[in-house]
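S.K.: Please build the complex by placing chain P on the supplied structure of chain Y, with the hints as guidance.
Number of protein chains: 2
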Amino acid sequence: MLKKYIWINGKIEPADKPVVLINDIGFLRGYGIFDFMRTYNGKIFRYPEHYKRFVNSAKLLDLKVAVKEKDLEQIIYKLIKKNGLQDASVRLLMTGGPAINGILFNPATPTFAILIEDIYDLPAKLFKTGAKLMTFDYQRLIPEAKNLNYIWAVKLQEEKKKRGAIEILYTSNGEILECSTSNFFLVKKGKLITTKAGILHGITRQAVIELTKKLKLEVIERPIKVSELKTTDEVFITATNKNILPIVKIDSLKIGSGVPGPITKTLLTKFEELIKRY
Amino acid sequence: MLKKYIWINGKIEPADKPVVLINDIGFLRGYGIFDFMRTYNGKIFRYPEHYKRFVNSAKLLDLKVAVKEKDLEQIIYKLIKKNGLQDASVRLLMTGGPAINGILFNPATPTFAILIEDIYDLPAKLFKTGAKLMTFDYQRLIPEAKNLNYIWAVKLQEEKKKRGAIEILYTSNGEILECSTSNFFLVKKGKLITTKAGILHGITRQAVIELTKKLKLEVIERPIKVSELKTTDEVFITATNKNILPIVKIDSLKIGSGVPGPITKTLLTKFEELIKRY
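Heads up: the sequence lines are chains Y and P, in that order.
Take any residue in the first sequence, note its place counting from 1, add 1263, and you have its number in our numbering.
Take any residue in the second sequence, note its place counting from 1, add 1263, and you have its number in our numbering.
Be careful, since some hints might not be right.
In silico SDA-like links for lysine to any residue, alpha-carbon gap of 20 Å or less [unchecked claim]:
#, chain 1, residue 1, chain 2, residue 2
1, P, Lys-1533, P, Phe-1308
2, P, Lys-1418, Y, Leu-1323
3, Y, Lys-1477, Y, Lys-1423
4, Y, Lys-1322, P, Glu-1276
5, Y, Lys-1280, P, Glu-1276
6, Y, Lys-1423, P, Leu-1367
Hints were generated in silico from the structure; no laboratory data involved.
Since this is a predicted model, take the numbers as computed values, not measurements.
Isolated chain Y (complex conformation):
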């Protein structure tokens, strides 16, 4: 749930007050980027990495983040406090600002906002039983940029619910890419494999890769074929609001033995230790 106050272009405003012009190019043309992070123990998880990714998303859309890393961090903490919270989800959002003739924008006048939201924790039970994915043939455009185009993700929410899936797994040309807001990992013969290209590189994904290496487990970043799922031992997905979520079913296919596997469970335990003392 969106909390009471937002920050937009330098000002704190009530979240229920209209703040966007009808001809903002983010609204007229879906032209913009975002990032999504959360705090643990009052501290933003891997803030420098999120800032860096946001700047990169901006660059890929010819936008510029004019607020410096440290300044933005202070604004975020101030806004969380203003909302009366210690821990929260934080959404950064930037668009090209007011459109010129419906299609052009001036990079010098972007719309830049910060939204504070509740932390959406998944039911604890799901981490024990494992969850289900539904596949959908689609590749996000400019996938390395966390851009605002989530038409399919939004449109498929009903279908996802109907099928009892927790996430939508995008596949394209017989390959596994990423979920709508999560990254994909599989475990085969003790090795971890995760998609390398054509995806958004998640911050949790990177944290898991680092964790895995500390555990002396091998991680391979490479293309993954959909056909590999049949012989996979374990699957999990990673995301800011999901941490490491075991996956035991993809469409009608049972993954491994149908329960969270040992490597997934070990990583989940280690990740939980990591965030407990973050």
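M.R.: The following block gives chain P in isolation, referenced to the frame of chain Y:
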């Protein structure tokens, strides 16, 4: 240029006043649709067709247009008048409204707006000399819906200008689809050919097809291969704000003899007669 007054969810508001909530799903997720029409002699060109297409776009995104055809028409004319104009461009815009938890929306509370804009007439000279297209490998998602996702179209505006092109021609898997906001026609051995599927079916495109049939010319709607361009006699594109625009160059390829062809010129003359007495 956006004119002084807009209409949003039943009210006329100044266009320079923020009217959109930060968590409108059109803004957060680019989830919405639009339509774009114009008047000739104070009358909206093919309004029933535009309304029907808008309703269809809405349906494809699980949205619903609650304002009836005749009522909306009256609102539009009232808004044009309020802006002190007789002729104008009209943009209808609908999104899923305020987002729930960042990704869900309630179809019962959409954001629905009408924007009045100047008519962007292209320089008359271009219709005599013909214009240039640049190609780009991309297919719009849910192409039959005039959805808000124009990230590539916006991002490519600079490149388009640099290359001296008037429009971006989307191609995919060796086939020609459509331009960023126009439809594509070619003429070969006296016959017209235009893409049938995977595109937005333009209102001007349909008007041209009807005009062509009246002239006893054959029109074939079918997939078009990029490789066919080499042996094409004429090319033109159609759009609300372009009418029928002759194309004489695509990337570095000269089309036909490099000047607007006879069939294109005949159609353009007939179309101009049609709108003069509309």
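S.K.: Does each hint fit the structure? Answer for all of them.
M.R.: Taking the hints in turn, this is what the structure says about them:
no.: 1; hint: P:Lys-1533 / P:Phe-1308; result: holds (16 Å)
no.: 2; hint: P:Lys-1418 / Y:Leu-1323; result: holds (9 Å)
no.: 3; hint: Y:Lys-1477 / Y:Lys-1423; result: violated (35 Å)
no.: 4; hint: Y:Lys-1322 / P:Glu-1276; result: violated (34 Å)
no.: 5; hint: Y:Lys-1280 / P:Glu-1276; result: holds (15 Å)
no.: 6; hint: Y:Lys-1423 / P:Leu-1367; result: holds (12 Å)
Comparing the model with each numbered hint stated earlier shows that hints 3 and 4 do not hold.
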